[in-house]
Amino acid sequence: MDETQRDHVVVGAAGLQTESWDFIRSHVRPSDRYAIETPDRLGEGFHRFMRTFAGYWLLPAVAATHPDDANVLVYIDERGPRGAVCLEAPQLVCVLRRS
Amino acid sequence: MSVARLLGENALMFLVGLGLLPLLGVAPTVVRLKRLWGVAYLTGMAVVGVVAATLASFSVPFPPIALAVAAVVSLVLGGRRIDRGSHEPQSVAATLDRAVAFVLVPTLAVAVGGAGWAFVSKPLRDWDGWAIWGLKAHAIAALGSSSGDVIASSAYYFSHLEYPLLLPGLDALGIRSAGGYESRLVVMQGVLVGFAGLLAIWGLLRDRVRPAVLWPTIAALASAPAVLPQLASGYADMPMAFFVACGLLAGARWLLEPRASWLALTSLFFAGAALSKDEGDLFAAAAYAGLLLAARGRRLHVLLSACAVACALIPWRVFIAVHDLSTSDFKLSKSVDPGWVSGQIHRAPGALAGLARYAVDVHLYALLTPIGFAGILLAIAGRVRSLAVYGATFAFLSVAGLVWIYVVSWIPLDFYLVQTQDRVTASVVLGCAALTPLVIAELGQPARADAAASVS
Numbered sequence: 001m002d003e004t005q006r007d008h009v010v011v012g013a014a015g016l017q018t019e020s021w022d023f024i025r026s027h028v029r030p031s032d033r034y035a036i037e038t039p040d041r042l043g044e045g046f047h048r049f050m051r052t053f054a055g056y057w058l059l060p061a062v063a064a065t066h067p068d069d070a071n072v073l074v075y076i077d078e079r080g081p082r083g084a085v086c087l088e089a090p091q092l093v094c095v096l097r098r099s
Numbered sequence: 100m101s102v103a104r105l106l107g108e109n110a111l112m113f114l115v116g117l118g119l120l121p122l123l124g125v126a127p128t129v130v131r132l133k134r135l136w137g138v139a140y141l142t143g144m145a146v147v148g149v150v151a152a153t154l155a156s157f158s159v160p161f162p163p164i165a166l167a168v169a170a171v172v173s174l175v176l177g178g179r180r181i182d183r184g185s186h187e188p189q190s191v192a193a194t195l196d197r198a199v200a201f202v203l204v205p206t207l208a209v210a211v212g213g214a215g216w217a218f219v220s221k222p223l224r225d226w227d228g229w230a231i232w233g234l235k236a237h238a239i240a241a242l243g244s245s246s247g248d249v250i251a252s253s254a255y256y257f258s259h260l261e262y263p264l265l266l267p268g269l270d271a272l273g274i275r276s277a278g279g280y281e282s283r284l285v286v287m288q289g290v291l292v293g294f295a296g297l298l299a300i301w302g303l304l305r306d307r308v309r310p311a312v313l314w315p316t317i318a319a320l321a322s323a324p325a326v327l328p329q330l331a332s333g334y335a336d337m338p339m340a341f342f343v344a345c346g347l348l349a350g351a352r353w354l355l356e357p358r359a360s361w362l363a364l365t366s367l368f369f370a371g372a373a374l375s376k377d378e379g380d381l382f383a384a385a386a387y388a389g390l391l392l393a394a395r396g397r398r399l400h401v402l403l404s405a406c407a408v409a410c411a412l413i414p415w416r417v418f419i420a421v422h423d424l425s426t427s428d429f430k431l432s433k434s435v436d437p438g439w440v441s442g443q444i445h446r447a448p449g450a451l452a453g454l455a456r457y458a459v460d461v462h463l464y465a466l467l468t469p470i471g472f473a474g475i476l477l478a479i480a481g482r483v484r485s486l487a488v489y490g491a492t493f494a495f496l497s498v499a500g501l502v503w504i505y506v507v508s509w510i511p512l513d514f515y516l517v518q519t520q521d522r523v524t525a526s527v528v529l530g531c532a533a534l535t536p537l538v539i540a541e542l543g544q545p546a547r548a549d550a551a552a553s554v555s
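Sequence lines, in order, name chains V and P. Under my numbering, the first sequence is numbered contiguously, ending at residue 99. Under my numbering, the second sequence is numbered contiguously, ending at residue 555.
Derived from the structure by calculation, the hints contain no laboratory data. For glycine and all other residues, C-beta sits at the position ideal for the given N, C-alpha and C. Treat the hints with care, since some could be wrong.
[Said to hold, decoys possible] Just a sample of chain P residues kept apart from chain V, beta carbon distances all over 10 Å, derived:
#1 G107
#2 V150
#3 L223
#4 D248
#5 G438
#6 A452
#7 I504
[Said to hold, decoys possible] Which stretches of chain P does chain V cover? Using the computed rule of at least three CB atoms under 8 Å from a CB of chain V, they are:
#8 233 to 241
#9 252 to 266
#10 277 to 291
Bound conformation, chain V alone (with noise of 0.2 Å):
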């Protein structure tokens, strides 16, 4: 097994798709403050969930605590504003970087 699969191996454990973890990665630099975006209809247990995850599978990139501090905002099954790269399948995820 090696590196990238060992990596892969916590996202499979979490029950999340490789390769909408791996596109989110991608796309978000270690310099970056994030923040998690999900839909309300998918409750606070889920964005929860989204939050800790992002906060180990990101680092060094860091967790911004307000989403005003952001400078990546990353949208988990819902589609991001105009501007959002997005990866339809497996699952809608989208990233904005704002200038």
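Keeping the supplied structure of chain V fixed, place chain P upon it in accordance with the hints.
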């Protein structure tokens, strides 16, 4: 290559500990150092871990080169302090022990190394492993002086930010040395803490316990089904259990031999435990309560030793106070809320039953719990008063403290037990089991043990 560098960092920790043993007075002569070298690895880990956790609390980086410098300084100072001239007559028993050790130490190293090798490619998989411990280790290693942006940030609230930083600090040294984060480095470091703990238990016991008693105990500790998988899960409970067990043993050695150096080692290991996970405070407090009760006439020394542990905790406590970090699972302050306690106290029997069920589960701890229980009963029956009081107080207060956490918590009891009950008792189980060989060794000479315990 990254694993080789991690092992290199750990070799430096061993050297730090080897130099410290003469400096602390635990091994003032070459003869004693030869007997106690097994304690060096965990001693080095405890010191390096406390320093790494303290620096991380202030967001100060700990570069790998500093560890190399610390190893050289420790060896030079320890070398100056050690007495090379003294010789002690070798008994037949000591010669036999050396011969047995000559065969069994490499066997243990190969067995643990072989088992450890199975985990060389194991990534973090379990929730707390990555969400808490992997996260913190990666943050400290990658962000250095900015690690506070993670470990003090409300954005990471659900990653138990209030858990202390000794293990992530040790992990971060290996990660930085390896040149980048790999989750298997966190797994490997956990396994190495266990190996260092086994070696230290052997080192702390070998000059008082016959090999026929000592080695089966070491084998029982190493082979209990829960031990290696929990070490390799990235969770902090089992590494903390080894710090607790060795702290408990060092305290027991001090009860039997009134030398301050044993108490210094006790402080060091309990500081390591308390900075490994929050419950380490509880186990340290339980052990010191046992020492206070058992050590008639020497209680001031015990208090000073406990103060040393508290001092090691101050930077982390200041950090969590400044950043207003607290556990989301329970609030100890609820213990003094009569309304809350009266509504929750019905949870105590269920919590105790849950902990006991897992502690005696042979699929987790094999015979360790019966061994530990038998040790305390033997100490009572054999009138080894000091060890009986010490061991029983530690076990009782530790279990009572754990049960109390379940009582005051707002989390539904069944859910909380399912999440935690297989691992939270590890420190009590390992600690009491490690104490048993010492009790057996003292059975024939209780007068000697209790005379030492009451020296003023």
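These are the hints, each one checked on the structure:
Distance check for G107(P) against chain V: the nearest CB is about 19 Å away, which clears 10 Å, and the non-interface claim stands. Against the 10 Å criterion, V150(P) stays outside the reach of chain V, whose nearest CB is about 23 Å from its own CB. With a minimum CB-CB distance of about 6 Å to chain V, L223(P) fails to clear the 10 Å threshold, and the non-interface call is violated. A beta-carbon of chain V is positioned within 10 Å of the beta-carbon of D248(P); the least distance is around 5 Å.
Under the 10 Å C-beta cut-off, the non-interface status given to G438(P) relative to chain V holds; the minimum distance is some 28 Å. Distance check for A452(P) against chain V: the nearest CB is about 30 Å away, which clears 10 Å, and the non-interface claim stands. With a least CB separation of 23 Å from chain V, I504(P) remains clear of the 10 Å interface cut-off, as annotated. Beta-carbon proximity to chain V at under 8 Å applies to 5 residues in the segment 233 to 241 of chain P; the threshold of 3 is reached and the given coverage holds.
As drawn, the segment 252 to 266 of chain P meets chain V at 6 residues by the rule of a beta-carbon pair under 8 Å; at three or more, the given contact holds. Evaluation of the coverage hint for the segment 277 to 291 of chain P: fulfilled, as 4 residues show C-beta separations to chain V shorter than 8 Å, against a requirement of three.
When the structure is compared with the earlier hints, violations turn up for hints 3 and 4 and for no others.
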